[in-house]
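Engineer: Below are the chains, spelled out letter by letter.
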Amino acid sequence: MTLRNAVSALIVPALLMCAAPASAGNTLIAKGQAVAVAKSALTILPDREWNKMGARPGRNSETWTLDGDGLNDVTFYGGIETDRTLFREVSKRVKPLPRFSATMLLTDIPALLENSYRIALATPLMTIESVAPCAFVGAKGVTFTYSFTRPNEDVRRKGEGYAAIIAGKLYMATFEAPDIYYYDRDIAGFRALVASARIGAPPQS
Amino acid sequence: MRHTLSAAMAVLCLLASSTAFAQEKSGNKPGFTLRPGSTRILLIRPTIKVGAQSTGGMFEPNADWTQQARDNLGAALDAAQQQLGNQVIVAQEPIGPAAATFAGYRALFSVLADSVIEYQFFPGNRLPTKKRKGAFEWTMGPGVAEIAKGTGCDYALFIFDEDQYGSTGRKFLQVFAAMAYVQVKSGEHRGYAGLVDLHSGDLVWLNADQAMGGDVRTVEGAQKRVRQLLENFPGSTPPAAQIATASGQ
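Each protein sequence line maps, in turn, to chains A and B.
Residue numbers for the first sequence, in the numbering used here: 1 to 205.
Residue numbers for the second sequence, in the numbering used here: 1001 to 1249.
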């Protein structure tokens, strides 16, 4: 094996592992048309246009945005199974992400998200601020609020989430945006998406 | 065979990280113009971060370099204000709760500019709702007026500058990666200048470049950087030297 071949064999896979997920392929989510999200039975009926990001945070999740995920980020988690993580592992051996379990209580879900964010975003500045019972996708669920700051950024972000465990799988929707202007402007749009969420046959407008 | 595979993988790597190679771009809100001498512009203290880029690509701030850049860019901006075409007022640093509001908007500007670059300027990752012809709809919200209370200004000029100089380890990685036909950047030099309408909060002009020139740790480099940042600033007038050169030709 020549030196160049050896370098190719070692460095290229390493760089590929470091590379961010491919980000092309953002698509339009049309107003008034129900869509199945996150490769699952979870369906949403949007009351306005959204953009679906081409890059998925994990196998059973997808992100919608109005102006980019740094300004408004709605993420749907569709049927996360036992022993699965919320996001792709960032470093499975050194910093493994916590895994969902069907035996978790609903009140454990906000902590699962908090611990996943602390690892995936490498930030200690993630806090769950409130947790309360609610109905989500027609089932008993939990709603929670949180705040966090990404490393190397000074913008404080606020978030809100809704989650339910149905047939042993986790269904969840979260919204986060900078606490200046964007959170207050777009939270009502997120709550409208959550109110339209169903499991199974999509609702029609 | 392996060479072919390496080349294919390298292309994939380049495609995956292509956002890092966005070209200099600027954008205007449709219909926005600024006549010289028609308004007052509030210059917000620039956000300046200077440091090294580690082998793994992490930013490592350097206080000495940052201070040099602050001094040099500050002096270059003072000189450049004469050519902006309108009266420029330098914002006073507030104290107390107002300082947090001020810092919040400065931070929001960099995130907003990142979004414009990533999701409007860069064609490969454009959002469908931002693709529409003539669309340039970006805002910081009307609350931004709070930072200019009592100044009588109609617009705020935000400037963000981040320079990461490649460490020795990063440069080595760049060389080794090149041997595998993979392009790795050593150093990053991002600069954004944006004009915000203080009445609506809308971003009316943005000049953003993720590969700026000029070493901001030197006087000449900082002058070059400021010229790039304020290139085509709405209502700006070219420096007297340039006018003389042009008329002499």
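In short, the hints are calculated from the structure, not lab data.
Hints may be right or wrong, so weigh each one.
Capping the alpha-carbon separation at 25 Å, the derived lysine to any residue pairs in SDA-like fashion look like this [stated by the list, open to error]:
1. B:K1025 <-> B:F1122
2. B:K1025 <-> B:D1064
3. B:K1029 <-> B:T1139
4. A:K92 <-> B:G1056
5. A:K140 <-> A:T123
6. A:K92 <-> B:T1139
7. A:K158 <-> B:A1099
8. A:K158 <-> B:K1133
9. B:K1049 <-> A:F148
10. A:K52 <-> B:R1132
11. B:K1133 <-> A:T27
12. B:K1130 <-> A:T123
13. B:K1029 <-> B:A1100
14. B:K1049 <-> A:T123
15. B:K1130 <-> A:K92
16. B:K1049 <-> A:K95
Engineer: Output the numbers, in ascending order, of every earlier hint that fails for this structure.
Structural biologist: Failing hints, ascending: 2, 5, 6, 8, 12, 13, 15 and 16.
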